[in-house]
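By our numbering, the letter at position 122 of the sequence shown is numbered 122, and the numbering carries on one by one without gaps.
Some hints could be false.
Claimed, not checked - Ranges between beta-carbon positions, derived for each pair:
{"#": "1", "residue 1": "Leu22", "residue 2": "Arg117", "range": "30 to 38 Å"}
{"#": "2", "residue 1": "Ala101", "residue 2": "Gln30", "range": "17 to 25 Å"}
{"#": "3", "residue 1": "Thr49", "residue 2": "Glu11", "range": "14 to 22 Å"}
{"#": "4", "residue 1": "Met31", "residue 2": "Glu11", "range": "13 to 21 Å"}
{"#": "5", "residue 1": "Asp25", "residue 2": "Glu61", "range": "13 to 21 Å"}
{"#": "6", "residue 1": "Thr120", "residue 2": "His86", "range": "13 to 21 Å"}
{"#": "7", "residue 1": "Thr121", "residue 2": "Asp25", "range": "34 to 42 Å"}
{"#": "8", "residue 1": "Thr49", "residue 2": "Gly109", "range": "31 to 39 Å"}
{"#": "9", "residue 1": "His14", "residue 2": "Thr121", "range": "31 to 39 Å"}
Hints are computed from structural coordinates only; laboratory data are not their basis.
Where is the CB? At the ideal position from N, CA and C, for every residue including glycine.
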Amino acid sequence: MADMAVSPPEELLHRARQARQLLADRPLSQMALGTLGFEAHALDRLGRTTVAETTWRRLVELSGDAGDDHLHGLAQAQFAAFLDSHGRTAEAAAHLDTAIALYRKREDGCAVAALRRRLTTLGATGQILAVG
1 MADMAVSPPE
11 ELLHRARQAR
21 QLLADRPLSQ
31 MALGTLGFEA
41 HALDRLGRTT
51 VAETTWRRLV
61 ELSGDAGDDH
71 LHGLAQAQFA
81 AFLDSHGRTA
91 EAAAHLDTAI
101 ALYRKREDGC
111 AVAALRRRLT
121 TLGATGQILA
131 VG
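Working from the sequences, and respecting the hints, build out all of it.
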């Protein structure tokens with residue numbers, strides 16, 4: 001899966017969708033949610049911004065339904081990066097605030113600190129590479 005992030009976007013999209021089909025009976029599993037994130041990322045790289053946003057929103061929703069604060073916080077942070085990269089800083093900040101609250105609930109001080117730093121630099125890069 002790690003090589004998916006550096007794959008050409010067309011290949012990434014195909015592989016992510018293929019993996020999600022294999023996991024159709026477990027849509028809230030960590031793997032299924034991860035492949036949805038890869039799909040959203042690929043769509044954005046292909047310039048399909050509207051579909052990418054819909055996919056990111058679906059990931060945020062499903063990760064909340066999964067009941068895993070770590071996955072939900074990560075989805076919120078990744079969606080924030082997407083929004084920020086498209087100049088939607090205020091919306092990105094709201095999603096980062098949600099991610100911070102979720103990681104604070106988990107008592108994950110490292111992730112909270114990283115997200116707070118990111119919150120202060122919104123608009124600078126539009127990138128959140130990792131949380132936790």
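Hint-by-hint comparison with the structure:
Roughly 37 Å separates the CB atoms of Leu22 and Arg117, a value that falls within the hinted 30 to 38 Å. Remark: the range hint 17 to 25 Å for Ala101 to Gln30 is upheld by a beta-carbon distance near 21 Å. Taking the beta carbon of each, Thr49 and Glu11 are about 20 Å apart, inside 14 to 22 Å as hinted. As the Cβ distance of Met31 to Glu11 is approximately 18 Å, the hint placing it in 13 to 21 Å holds.
The supplied range of 13 to 21 Å is met by Asp25 and Glu61, whose beta-carbon atoms lie about 19 Å from each other. A hinted range of 13 to 21 Å for the beta carbons of Thr120 and His86 is consistent with their spacing of about 19 Å. Evaluation of the 34 to 42 Å hint for Thr121 and Asp25 yields a pass: the beta carbon distance comes to about 40 Å. Judged by the Cβ atoms, the range 31 to 39 Å given for Thr49 and Gly109 holds: they are separated by roughly 34 Å.
Between His14 and Thr121 the beta carbons are some 34 Å apart, a value that agrees with the proposed interval 31 to 39 Å.
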